[in-house]
Amino acid sequence: MAANTDSAPLVAAPPQRADAIENALVSRGITSVRAVDEQVLVADEVWLPERGARVVAKAWVDPGFRARLLANGKLAVAELGIEMPAHHRHLVALENTSEVHNVICCTLCSCTALTVIGLPPDWYKDLEYRSRIVRESRSVLREMGLDLPAAMEVRIWDTTADTRYMVLPLRPEGTAGWTEARLAALVTKDAMIGVSRVSAA
Amino acid sequence: MDGVHDLGGKQGFDRVRHRPDAAVFHDEWEKRVNALYGLAVRHGIFNMDEYRHAIERMDPRHYISAGYYERVLTGLATLCVEKGVITLAELEARAGGLFPLARPLGPGRSNAPKRCSHQSGDKVRWWPSM
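Heads up: the sequence lines are chains A and B, in that order. Note that the numbering used here has the first sequence beginning at 1, numbered continuously upward. Note that the numbering used here has the second sequence beginning at 1, numbered continuously upward.
Just so you know, these hints were derived from the structure itself, not from any lab. Quick caveat, the model's predicted, so the values are computed rather than measured. It is possible that part of the hints are untrue.
Claimed, not checked - Covered by chain B, per the in silico footprint, the following chain A stretches (three or more residues, Cβ under 8 Å):
1) 73-80
2) 87-99
3) 125-138
4) 167-179
What the hints assert, rightly or not - Some chain A residues judged to face chain B by a derived CB distance under 7 Å, without partners named:
5) T31
6) V33
7) A35
8) V46
9) D122
We put the CB at the ideal spot given by N, CA and C, even for glycine.
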């Protein structure tokens, strides 16, 4: 980037740069304001963690679905009407147990199974999480409020362009007999990333 | 390539700025840029690998200082200019200022081909680094 001095033109702020590229693409008929509006709506109203929460709750109550989810995540979520883009070739569900806790990240970029667990939160895309979670996992999780027992194995999964992950959290105690809908309401995006656990409290 | 984007294990970064129910977007332009790059892929202007690589080609100072959606914006604009869809001059005129793009594609440099002279089955002595 050129240095900003009194005589040199200034770097335009990101909102102005964003407007510039949208207007340039629209002026050429490559896209339209309406197409962008519609895509914004999909991100805001369709790609929500409630979808992944339904997947988790079903896996908790339906052993057959759980087995299919662990065998081929992309096919299993399609049973619930959840689509994944063609370039998200695999969805791997990582099952937490009383001995193993899974966490997902994307150190190179910020990839997620966004149509299933929702778009990644801001901190997931920050340099701090991307750099530290793979090296100081327990410390980072503790700072984020998840203090895991020393005996619990922690597995960190680095997302690739082709392979997306979701954590299948442990079903909390005290939820026997709950409906899928009631269970799903407990499941957060953070729990499907693996930086928190699901609690019935 | 050992670029600035390869952040896994890089030391010295501070605490993760985590909040429960953290936002995905912080401004309307971020949503529109996120939509635009998806539409550009759908229209075949570039593919996902080119998109990710364009972000990885950003000047390291710019990469580190930019937020996520500024990186998306830079990758999108870089590829639209490189593919001849729009010119940088038009983007800067519309934006009313400079529009920094990623650095150009280059031949790169591969790893040394004969870095390790051992053959499968050789006996070697190994000790952990300090």
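Here is what the structure says about each hint:
{"no.": "1", "hint": "73-80", "verdict": "violated (count 0)"}
{"no.": "2", "hint": "87-99", "verdict": "violated (count 1)"}
{"no.": "3", "hint": "125-138", "verdict": "holds (count 11)"}
{"no.": "4", "hint": "167-179", "verdict": "violated (count 0)"}
{"no.": "5", "hint": "T31", "verdict": "holds, 5 Å"}
{"no.": "6", "hint": "V33", "verdict": "violated, 9 Å"}
{"no.": "7", "hint": "A35", "verdict": "holds, 6 Å"}
{"no.": "8", "hint": "V46", "verdict": "violated, 12 Å"}
{"no.": "9", "hint": "D122", "verdict": "holds, 5 Å"}
In this structure, the earlier hints numbered 1, 2, 4, 6 and 8 are contradicted, and the remaining ones agree with it.
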